[in-house]
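> Spelled out, the chains give:
4 protein chains.
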Amino acid sequence: MDTKRPTVPAAEEILGSYYPVLDHGFVALVDYMGSDEAVEQAARVSYGAGTRKVSQTRGLIRYLCLHRHTTPSEMVELKFHCAMPMFVARQWIRHRTASVNELSARYSLMPLLFYRPDAEHFALQSEANKQGREIGAPAEVYREAVERWDRLRTAAGEAYAWMLAEDVAREIARIDLPLSTYTQWYWKVDLHNLLHFLSLRVDPRAQWEIQEFARAIAGMVKRVAPLSYEAWVDYDLESRPLTRAERDVLSRLVEAGDDTLSARAGASVSAAEMKEAGLSPREVRELVEKLQSPERPDFELDLSRFRSAEEVAAEMYEAVPADFQ
Amino acid sequence: MDTKRPTVPAAEEILGSYYPVLDHGFVALVDYMGSDEAVEQAARVSYGAGTRKVSQTRGLIRYLCLHRHTTPSEMVELKFHCAMPMFVARQWIRHRTASVNELSARYSLMPLLFYRPDAEHFALQSEANKQGREIGAPAEVYREAVERWDRLRTAAGEAYAWMLAEDVAREIARIDLPLSTYTQWYWKVDLHNLLHFLSLRVDPRAQWEIQEFARAIAGMVKRVAPLSYEAWVDYDLESRPLTRAERDVLSRLVEAGDDTLSARAGASVSAAEMKEAGLSPREVRELVEKLQSPERPDFELDLSRFRSAEEVAAEMYEAVPADFQ
Amino acid sequence: MDTKRPTVPAAEEILGSYYPVLDHGFVALVDYMGSDEAVEQAARVSYGAGTRKVSQTRGLIRYLCLHRHTTPSEMVELKFHCAMPMFVARQWIRHRTASVNELSARYSLMPLLFYRPDAEHFALQSEANKQGREIGAPAEVYREAVERWDRLRTAAGEAYAWMLAEDVAREIARIDLPLSTYTQWYWKVDLHNLLHFLSLRVDPRAQWEIQEFARAIAGMVKRVAPLSYEAWVDYDLESRPLTRAERDVLSRLVEAGDDTLSARAGASVSAAEMKEAGLSPREVRELVEKLQSPERPDFELDLSRFRSAEEVAAEMYEAVPADFQ
Amino acid sequence: MDTKRPTVPAAEEILGSYYPVLDHGFVALVDYMGSDEAVEQAARVSYGAGTRKVSQTRGLIRYLCLHRHTTPSEMVELKFHCAMPMFVARQWIRHRTASVNELSARYSLMPLLFYRPDAEHFALQSEANKQGREIGAPAEVYREAVERWDRLRTAAGEAYAWMLAEDVAREIARIDLPLSTYTQWYWKVDLHNLLHFLSLRVDPRAQWEIQEFARAIAGMVKRVAPLSYEAWVDYDLESRPLTRAERDVLSRLVEAGDDTLSARAGASVSAAEMKEAGLSPREVRELVEKLQSPERPDFELDLSRFRSAEEVAAEMYEAVPADFQ
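Chains as they are written, first to last, in the working numbering: chain A, 757 to 1081; chain B, 757 to 1081; chain C, 757 to 1081; chain D, 757 to 1081.
Don't take each hint at face value.
Unchecked claim - With a cut-off of at most 30 Å between alpha-carbon atoms, the simulated DSS-like pairs for lysine-lysine come out as follows:
no., chain 1, residue 1, chain 2, residue 2
1, D, K978, A, K1031
2, D, K1031, B, K760
3, A, K1046, A, K978
4, D, K978, B, K760
Source of the hints: derived by calculation from the structure; they are not laboratory data.
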């Protein structure tokens, strides 16, 4: 259709197509409003008459991102259709500044689709990170886990279908579906809040399953607002806070000359000195990590993986208990 | 302890005590800030010098409530500790303007407590209300439901405990816990948003289980801010919107004289006329309901039911898989 | 440009054109996302598999509006460019759930445009409504008011230009500009929050100047989402809350038969009885007003009044102090 | 009064006392809910059964702050009564996640109090920082500015009083009051959003006048939640983001050994190399600033400056136009 609204060909290319995530989930970009130009336009209100046009869109957007002038990026809006296991949905919904319409299990019949971790991501409790996981679960443990999952889900699905057949209220019939059951929703969010979501959810400390969704969404943001995406990678995602004590430590190791930064000859800071500066042992480890030259992650989508809306809808429909399709 | 802050004896009486809801849930008021006087104080900034003190606190609060001047009621804040089944938590969390800290199943071990509907509230899918339920499920259906619930939950609990024993990451071990599993959180919200939550959640169209939580909370609000509570019942909860078409219909039936409202002699509006005025058959039924003199609901708490924090904590602790207590 | 996004011809027709409001203000719809169909699509996630398509878009949207299921209407987003006097901006900004980028008087030079009420809207303090106004200010008072406004604004503008010429910081130079000075911003908001804004701001109790802005915006909403607009007029704007006590009173005057509503023969409720039912004298007056058959307001835009972006920008630019253009 | 709620003596000491800011403004802490312990309690829900108590309150709060786990700090709430010039109020109100009740100039008479910058803070437009100011305005420019301010404000005050005497609606009478006029409000905000406000508003790039308010509030936060305050200074206020490119540059200058950080012998990075790494000249200057060992700012309140509520109220009252007191 024809529009006078700003339009982004790279976003149009994937609009309405469904990108698979995990075994039965998906993310689809279904609408968008604005792009990098909308960010600039909003920021330029702040400049108006009497100021010169000092920078191009890219420079301005990078400046805004670096200095946390985030309100202009609220001017871009994206809308997604997503399906995810309920335990992922429960993490996702904690991001409050967004609009959500979820499939209601009070009205609707639930497709009996359950998330089954693959062997690679079936992991042990991490020692280092109390909320994380570590690779290396024995194959036989995974095998038994799969058996237990299969049995439980079959029983839960049968109980659900049986209650529906007995005309039990749907809102009661669903209460023993497991957290691995897939749900779906429309999710609409502005670019500022979306990038904040991504920063937290592509992070290795987030649960791996929600990372997978966040990575797919990051690839879509890259298409809607590529300059904002790039600035986000450089100034937010791959940036690290340098705390007051860390600045103190680094100031002993680096000195600034005319246009040059130099290592101070022979300077070093010992563990004891770092402790005295206020750094805990964990903070020392984190500082070392911050001083690595980071990789620049990429969130490019594999276009060949996209599926059509019809195909996805059919899969959902077929997973509803048979007598109620 | 001693404080210069406004203090409400009726709230202090229940502060930190746990009110049981459903079979294993609870609500406890654990902190509050302000009361009806804080609402008045905030509204009076708007009156300040040059206006007379026209009304007492009650009159002012009723005026504010009737005319939807809601910002002064944001000045009162309440904090609760609550435990509820996850399917209730998923409805509750949709109220975005609140602060929540939930027990994390990534870090923590989940108490294996599950909600089991009692026979009275085990109901059939409603014909009239697509998201509701109706009484009257046969006893043998309930009996079989209980058996299925028991089997499923035992199996889910065993699988959870087995995975923990195998040192599987907690965030994976929990994915097949059913939606009936209890979780818990701290929930902090201002009075305006709390009353909005209550209006939607004590409503008969809400799922019965979340109504139970809302009724307990309403009883606590009544103690923290009794005048705001009373105004909410009269001007919000038991108020109904009278739509444009309904006002048109009523204007044909009622006339206003000097200080008197009278029925227009012989006036009536037929089904056909109501349709012509724009009312659908459902809207006609709703109009009839609006013209009933409403009961004044009460949300008085039964003080004898309160439990101590220690007792509740012990029950939670004992429900964690035995090897991990 | 070509897009796969939902497109609304009636909105495209006015997109990017500037609608004058007051003497130097404007509202322009500069972008939008979604329309009535997006509301339906979001609500239908709640119906999904297993439910029938019971209603057309119009019926569904009216049902959602009547029952305050507001989240689907958050799926539509609108973006405006607006200029308004600062005292209007200060009322407007109180609506928090929106994105705003305002012209910064710290960076930018302010156009010296001031709002001057016309004689018709120059009014006396209302007796009945403590925050309102009443018609009928004497002509000579208006004349003197205009003289005082002119003198003050000339002096304020000269002081501003003088400080700029002396290179005083802009953030200081502007502190004595009057509240009648025009500012401008981009304003982006979802349909749900926009309709709430309109309900409060087209209301006769809002200041007349902000009503003018709200009426222009209502005319734009009518073009973007006509069914949502119509439902808002019928079920929100022209609806009135019928309180608990009012329902009690009306139940004595009206009775429901089979599909018919009738006036109860000879029924009337006296002032004393209304007082006993809990209605204050003000509430009695308001009840009488609620029982009038309401007009259906219209917010049709006069297309001939639209101006081009260039023309408006030129007017703003020319109003900047001359030495700094 | 007696309460079971958590109580903080250092906060009680200043509760309800008014701290002067600028020439006629003030900030008063008028209520609070919770303290550092409430942050810990909320975070510990996330640990519950099965985790050890690994850290004391201080360590936990610092960990939460460093890793941006901000939701527990939403559990603390503070309420202030503040008076500030309207141009400050307009910056302040942009922080949306807060509750505000402002003196309404539609209902109330405005005290005729205006902010007059003192000579020290009357400054020139900054060259380096387009939104800032620089010291050094000539004394004679300041003298003339004061004269112009005095004339304008006298005229604006007289016009306001004249219109009130002519019974012009207050909402119109006030439209030519200057932005330097003081307004006042109640402001309630949770600790997380308050600290975010402080980070932006004690920053040297904020307008100096709002910095003054932020510094007074910071001193009050220090009394309500001292550990959260300290963590905020170390991990937020005096922290700086180290961007992807900056990490790259620093990795060439510093190396990590066993528990030791050392300057790499002879390493330096030239201007050309920094440009190649992606740093703009401005970014290079900012990096140098980040590598300074920062001062630890203090926001201690001078208790001798506090005034009583009665004294402040009397000053406000006397500033209302004389015929209307």
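> Please verify whether D:K978 and B:K760 have alpha carbons no more than 30 Å apart.
Holds: D:K978 and B:K760 sit about 18 Å apart, inside 30 Å.
> For the pair supplied as a hint, D:K1031 and B:K760, confirm whether the alpha-carbon distance does not exceed 30 Å.
violated (58 Å)
> Verify the proposed pairing of A:K1046 with A:K978, using a straight-line Cα cut of 30 Å.
Since the Cα atoms of A:K1046 and A:K978 sit roughly 25 Å apart, the hinted pair holds (cutoff 30 Å).
> Can you confirm whether the C-alpha distance between D:K978 and A:K1031 stays at or below 30 Å?
Holds, because 24 Å separates the two Cα atoms, which is no more than 30 Å.
Against the hints set out earlier in the document, a violation occurs for number 2 only.
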